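Visitor: Under the numbering used here, the letters of the sequence shown match residues 3 to 240, in that order.
FYI, nobody ran anything at the bench for these hints, they're computed from the structure. From a predicted model like this one, the values you see are computed outputs, not experimental measurements. Heads up, the beta-carbon is just placed ideally off N, CA and C, and yes, glycines get one too. One should not assume that every hint holds.
As the list claims (entries may be wrong) - List time: in silico DMTMM-like cross-link candidates among lysine to aspartate or glutamate, alpha-carbon distance up to 20 angstroms:
hint: 1; residue 1: 113; residue 2: 216
hint: 2; residue 1: 113; residue 2: 27
hint: 3; residue 1: 113; residue 2: 71
hint: 4; residue 1: 157; residue 2: 216
As the list claims (entries may be wrong) - Per label pair, the in silico range of CB-to-CB distance:
hint: 5; residue 1: 174; residue 2: 228; range: 28 to 34 angstroms
hint: 6; residue 1: 217; residue 2: 113; range: 34 to 40 angstroms
hint: 7; residue 1: 47; residue 2: 228; range: 26 to 32 angstroms
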Amino acid sequence: MQNAPRDPAGTQRVLVVDDDPTVAEVVTGYLERAGFTVAVAADGPGALDAARRNWPDLVVLDLMLPGMDGLQVCRTLRATGPVPVIMLTARSGEEERILGLEVGADDYVTKPFSPRELVLRVASVLRRAAVAPQPGPPLRSSGLEVDAAARRAAKDGVELALTLREFDLLVHFLRHPGQVRSREELMQEVWGWEFGDLSTVTVHVRRLRSKIEDDPARPRLIQTVWGAGYRFDPSADD
3 MQNAPRDPAG TQRVLVVDDD PTVAEVVTGY LERAGFTVAV AADGPGALDA
53 ARRNWPDLVV LDLMLPGMDG LQVCRTLRAT GPVPVIMLTA RSGEEERILG
103 LEVGADDYVT KPFSPRELVL RVASVLRRAA VAPQPGPPLR SSGLEVDAAA
153 RRAAKDGVEL ALTLREFDLL VHFLRHPGQV RSREELMQEV WGWEFGDLST
203 VTVHVRRLRS KIEDDPARPR LIQTVWGAGY RFDPSADD
């Protein structure tokens, strides 16, 4: 789905989905003061309807929603078109955080949270999503072909369905073959974040492996260098 025309003022649109009216009101107020145009939905069907009517630049999505939970909403949005998602969760357990990342969320914030921090996360995700791809010829290695400008990737001629962040991660690996990158470095270089949960990187590497490796359980292209990070090793597939 292509994004709907930009609002007249040129502001970016954020869809806030939360069944707690107090949380929705506070988040909306902070985002609007930061210069964003905000739409609000209180449940999953309402969120999908709002997105269809006016496709957002980013979604702030509560995990626990009545009728249709945030995971299902995120999956449906991802199947419709690319859009950054920040998941809100009242749970602090790692399992819930990873579930959000597994379905394609770009980041998560645990309740209770600082509204100012959420605004910074929103701005960071949008800023990274808006970075223009570096020009240059398609990247080719080990059966992979990536056109960064067109944001298209294929493996052995078959197009890959990658999220925005998975695509950025693959491009980064292809541009730095044989180089070890720690999770901290990947978070800074791919996500553009100086802070954040490093499990975000771990989950995205696992998701990317599931799409480009012949045997994700025994990865050969994206190798783990224990105690150091990850290395893209095209020679392993020669």
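Visitor: Now look at each hint and say whether the structure bears it out.
Guide: Going down the list of hints, with the structure as the test:
no.	hint	result
1	113 <-> 216	violated, 39 angstroms
2	113 <-> 27	holds, 15 angstroms
3	113 <-> 71	holds, 16 angstroms
4	157 <-> 216	holds, 10 angstroms
5	174 <-> 228: 28 to 34 angstroms	violated, 20 angstroms
6	217 <-> 113: 34 to 40 angstroms	holds, 39 angstroms
7	47 <-> 228: 26 to 32 angstroms	violated, 45 angstroms
In summary, the structure is inconsistent with hints 1, 5, 7 from the numbered list given earlier, while agreeing with the others.
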